[in-house]
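Given only the sequences and the hints, what does the whole structure look like? Please build it.
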Amino acid sequence: MPSSRRQFLTISSVGSAAWLSGIAASAAPKGSREPAPERAPSYDDQAAEALARSPVASDADIARRAVQAAMDGGATYADARLVLMRREQVAVRDDRARPVSLREHYGLGIRVVADGGWGFAAIQALSDRAVVDAAKLAVTSARANGKLRKDLGQPLVELVPAPVAKATWVTPHEIDPFDVAPIDKAEMLLEIAARAKAVKGVSFVEAGFSAVAEDKLLVTSDGSELHQIFLRVAPQLTVTAVDRRRGGFASRDHEAPAMLAGWEYLRDLGLRNDAAGVGEDAVRKLHAASVEPGVKTVVLAPSNLWLTIHESIGHPTELDRVMGLEADLAGTSFLRPEDLGERRIGSERVNLVADRTQPGGLATVGWDDEGVAAQRWDLVRDGKLVGWQTTRDQAKWIGESASRGCCYGEGHDGVPFQRMPNVSLQPGPEGYTTEDLINATEDGIYVTGRGSWSIDQQRYNFQFSGQTFWEIKRGRLTRPLRDVAYQANTIEFWSSCDMIGGPGTYRLGGTFGDGKGQPHQSNSVSHGCPPARFTANVINTGGTDQ
Amino acid sequence: MTLLRKDAKRLVDKVLAQASVGDLRVQVSASKRGHLRYGAGRPTTSGDVDGVTLAVTASKGRRTATVTGSRTDDAAVAELVRRAEGLAELSPEDPEHMPPLAEASYPKVRAEDKAVTRLDPGARAELVGRAIRRAEADGVAAAGLLEHEQLATAVGNRSGLFAHHACTQVSLSATCRTEDGTGSARAGFVSHALSGLVPEILVSDAAQRAKRSQLPAPRDPGRYPVILAPQAVADLLDVFVGGLDARRADEGRSAFSRKGGGNLVGDALFDSRVELWSDPADPNDPASPFDRGGRPHRKVKWVEGGVLRALHNSRYWADKQGLEDLPMPSSLHMGGGTDDLDALVSGFDRGILISRFWYIRMLDPQQLLVTGLTRDGTFWIDKGKVVEPVRNFRFNDSPLTLLRKVVALGRPQRAGLSTERVTVVPPLVVSEFELSSVSDAV
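Heads up: the protein sequence lines correspond to chains Y and X, in order. Mind the numbering: the first sequence is residues 1 to 546 in the numbering used here, read in order. Mind the numbering: the second sequence is residues 547 to 988 in the numbering used here, read in order.
Mixed in with the good hints, there may be bad ones.
Below are the DSS-like pairs computed for lysine-lysine, each with C-alpha atoms no more than 30 angstroms apart in a straight line [said to hold, decoys possible]:
1) LYS805(X) / LYS200(Y)
2) LYS866(X) / LYS606(X)
3) LYS929(X) / LYS136(Y)
4) LYS847(X) / LYS805(X)
Some residues of chain X that are not near chain Y, with every Cβ distance over 12 angstroms (derived) [to be verified]:
5) SER651
6) PRO653
7) GLY742
8) LYS805
9) PHE816
10) ASP817
11) GLY852
What the hints contain is simulated information worked out from the structure, not anything from laboratory work. As the structure is a prediction and not an experimental result, all values here were calculated from the model. Yeah, the Cβ is synthetic: ideal placement off N, Cα and C, and Gly gets one too.
In structure tokens:
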């Protein structure tokens with residue numbers, strides 16, 4: 001570890017080892033992602049600057065005070081999170097900039113266990129009295145809920161231990177996206193939009209950059225104190241071609257994913273160079289042939305497959321869904337606790353890994369929101385279910401002694417609960433390229449990008465569309481198609497997986513909008529994958545009215 | 547925190563007093579929210595969230611920026627205004643920028659209930675305890691959320707605009723599942739007032755329907771006559787409201803675009819019995835009298851006698867096209883008859899009863915074609931009787947189908963699971979609806 005990094009990772013006890021093993025583990029599957037850049041930038045200065053500029057650190061005493069007040073009030077566990085969320089949106093439509101939006105939200109969330117129940121309170125005004133009152137309110141709430149659990153004869157909340165850690169972690173970055181003036185971002189977007197608009201047949205272009213900075217200080221009654229700064233950025237480029245005479249239109253989204261990164265990621269994406277191509281795709285899609293429905297071979301690009309992984313593997317392996325706790329809104333799972341180690345959900349080629357240490361992953365952290373170090377573990381190995389996503393509250397439900405570190409609350413006022421880590425499909429050992437998959441396909445469709453999707457509440461029956469669709473005949477891409485969606489159920493789909501691209505084809509996709517919980521909260525998460533080949537029921541979504 | 551009208555005015559004025567540009571708008575939202583979740587027979591997470599957000603939108607010429615913060619002290623307010631103005635200067639010109647709204651009048655809306663403001667952790671545990679015990683007695687596993695909120699919103703600018711609205715909302719949902727995992731149903735209550743909330747009634751209703759939906763039989767996908775419960779109608783009409791956008795229609799990008807240009811306002815698009823309107827001042831189901839920008843919501847007839855009467859718009863688009871200023875509505879009412887769902891069923895020959903929809907996503911905005919799934923109780927009806935539960939379906943169809951192919955309309959009621967927009971709609975019998983594949987999920 002370079003000394004300048006060590007300077008910012010003043011880590012106590014086991015935290016250090018967990019962090020290091022996280023790094024080591026993330027490098028374990030050889031060649032599973034992009035080759036490293038030739039010149040690795042030094043991020044340590046940026047991390048130092050980010051921490052030094054953070055207004056959150058100076059309020060650490062407020063978080064300590066909240067935890068102390070909760071423990072004094074009878075809590076058996078307490079954690080306090082000071083969170084400063086900053087969100088910026090710069091967008092353009094054709095040659096016009098949209099109003100810039102910057103949202104800041106800062107406050108304290110205090111979560112407690114008392115009398116075996118959960119309680120939580122969140123405030124923005126951080127006077128000593130308000131902090132103490134909030135801690136007491138959280139304890140009152142926890143006691144009422146603990147008493148109800150007892151009266152109902154239900155098990156009380158019991159947390160598995162987590163090693164104590166005092167440390168900091170900052171998203172590796174060169175440039176804080178909030179240091180780049182909105183007008184500079186808008187100018188770049190206007191140029192991108194102009195290039196797309198210049199394509200004959202293009203009617204509308206929408207482009208934007210989103211940036212989120214999450215500055216978080218966690219203090220737990222175990223003694224952990226963790227200050228982390230996460231930077232997340234996302235590009236958007238949507239080009240629409242309209243055929244006014246025939247009354248039709250087609251839209252095409254750029255496929256560049258959101259990323260845990262600084263401004264340099266957006267700067268270096270090359271959207272300027274891609275813009276005209278995206279415009280051409282939109283026009284081509286408008287005039288593409290409508291798909292013939294039927295059971296077909298589909299070759300799914302990483303830009304399409306990541307969302308299918310999210311919905312069909314990410315969600316059903318959330319333990320709270322499995323236990324019925326999310327039944328009222330997000331839903332349950334087709335998986336049951338006893339399926340672990342037993343249930344086959346894919347072909348033997350299928351290996352899916354949960355990983356909160358993955359570089360660039362939107363759910364990558366140093367520690368989760370209850371102080372558990374980031375880790376990497378298997379969810380599906382050789383096609384079989386072998387792991388769950390858990391928190392400290394949930395580990396005991398399945399007889400485990402440690403949490404998988406999946407606790408997250410959005411902002412200071414979202415109650416932390418189990419949220420999805422980065423879940424990724426591992427590359428195949430054969431080293432196939434995308435071309436290999438296409439060449440090996442007699443009759444099928446190559447699908448790229450994220451389109452409309454829908455999946456049932458047990459994460460079983462699903463339907464996904466995409467951005468571009470190419471007919472494959474005798475191993476060649478023959479013509480563009482439109483109105484394509486593929487329908488399947490999770491097990492049939494993953495069981496039909498018969499080819500997976502090699503390490504060189506592995507890409508990340510991701511979203512800021514992983515929704516779950518009541519009240520609703522958004523989580524940011526990435527999914528890596530190579531292209532892969534499946535069999536699915538392809539339907540035509542064009543309808544018959546027109 | 548919550549804000550009385552005079553406190554909101556004082557806060558808005560404090561922000562405006564800091565402005566150095568003439569075109570500055572502030573939106574305030576102050577809320578006190580509490581919730582308790584439950585599942586697997588026990589209360590789970592719970593919380594009280596006290597918060598305020600101040601959104602300051604500053605414009606210098608056509609350069610606009612909005613900065614949102616969460617502190618109300620003098621220094622923080624001054625900083626917020628300074629940053630909004632500074633950011634506006636750094637922002638690119640927005641050719642669609644509109645001058646500030648002038649003083650406006652708003653419908654009088656009574657939407658506060660003292661009983662809701664008094665709910666606390668003890669009261670939450672009591673209400674949720676009653677729900678859990680009822681579910682236990684009925685032999686089902688229940689999961690859901692109790693939530694209550696006291697909310698005040700205000701908007702003001704330097705051109706004399708000031709709007710204030712205070713409301714309360716309480717909601718309880720319950721998803722009941724049978725022990726074998728093959729039956730499920732969901733019930734919900736939402737209102738500005740606490741008085742109608744009886745957890746036992748809500749849970750019992752869901753529990754009975756869950757048991758009736760147990761061990762569903764497979765049935766082939768296809769086009770079927772359907773009866774949609776009010777919640778299912780609400781789920782689809784939510785998509786419909788989003789689709790009523792004037793700009794997208796005028797630009798040739800929506801189901802309401804006229805081929806060759808323009809939109810379909812004035813055309814008889816639907817069954818002549820279809821009446822759709824919004825009304826923030828409805829006494830039973832009040833809704834916000836203005837949108838986030840302070841644009842007034844009035845009573846608006848969107849569809850009258852099956853004729854499309856209006857599309858909602860942005861201020862820019864309304865101005866450009868010479869349209870009446872119509873923001874997206876805060877409520878939706880659909881007219882109907884007097885029959886309840888059971889009466890509609892008994893008059894129905896043969897087809898499928900759908901309780902609600904789930905995971906609705908757009909497939910083709912040009913036709914307002916969406917996909918999604920049925921959930922929480924889908925039944926086969928034959929000769930006016932519920933014969934058996936059937937497995938859930940994925941559908942590929944449009945809310946427009948409902949309005950075109952409606953055969954019978956029942957008595958409108960508040961959709962208890964629609965907590966975002968006030969939605970009061972009837973159960974509907976529809977002559978055909980595309981159920982495209984079977985879903986095994988329960």
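Where does the structure disagree with the numbered hints, that is, which hint numbers, in rising order? The structure breaks hints 3, 8; every other hint is satisfied.
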